[in-house]
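Using the sequences plus the hints, can you model the full thing?
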Amino acid sequence: AQKITQTQPGMFVQEKEAVTLDCTYDTSDPSYGLFWYKQPSSGEMIFLIYQGSYDQQNATEGRYSLNFQKARKSANLVISASQLGDSAMYFCAMGPTGGFKTIFGAGTRLFVKA
Amino acid sequence: NAGVTQTPKFQVLKTGQSMTLQCAQDMNHNSMYWYRQDPGMGLRLIYYSASEGTTDKGEVPNGYNVSRLNKREFSLRLESAAPSQTSVYFCASSEAKAYQETQYFGPGTRLLVL
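First to last, the protein sequences are chains S and R. The numbers in our numbering rise by one with no breaks, and the one at position 68 of the first sequence is 68. Throughout, our numbering is defined as the position within the second sequence, counted from one, plus 1000.
Restricting the straight-line Cα-Cα distance to at most 20 Å, the calculated cross-link-like pairs of lysine to any residue (SDA-like) are:
hint: 1; chain 1: S; residue 1: LYS101; chain 2: R; residue 2: ASP1056
hint: 2; chain 1: R; residue 1: LYS1009; chain 2: S; residue 2: SER41
hint: 3; chain 1: S; residue 1: LYS70; chain 2: S; residue 2: THR7
hint: 4; chain 1: S; residue 1: LYS3; chain 2: R; residue 2: GLY1042
FYI, nobody ran anything at the bench for these hints, they're computed from the structure.
This is the structure:
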């Protein structure tokens, strides 16, 4: 069965510091994609970053990077130089390549302190 | 370019009432999705439409029906609302890009069933 686990219900980070949000997954699909989404208090879901299971390099998008360790089935999100606006809920998600049934983790709430 | 739009933004229903949630996208995406988000949980897929004219069940389809009216529009119907359907409902759309099925979300509909 496919599963996404986010073990950190809440995290605190000091402004301008880096923070890592954990995500582990389980799947039987031979090819899959991993995603991170941000949900601010306003409620919308914002796509942050994508990693394909066969990508050789870790994905990066500005201050976001995805630390992908396939053998350990982990896809952690690293946010560098945290900003107050990064305070939000963060969801890890996974879906089969070319497929449609994406599953989401329960989320991690990040609080950035000034 | 509005992206994904949803109506209504908020709705209160009595048990047994019916209603339809509307979703439209202007990104010319082939695939569309309906999710629900409950407190403390990630998103769960209700139904999806891989392309115009097709619909398939997701993880939690019971109590819902969908219609893919055309390429732009995908509606979700609750025939007889129950308190367990109190949730935030998100519509999303996607177009595969280099095997990346990134989904873009609407702002959500908050539904309260009394």
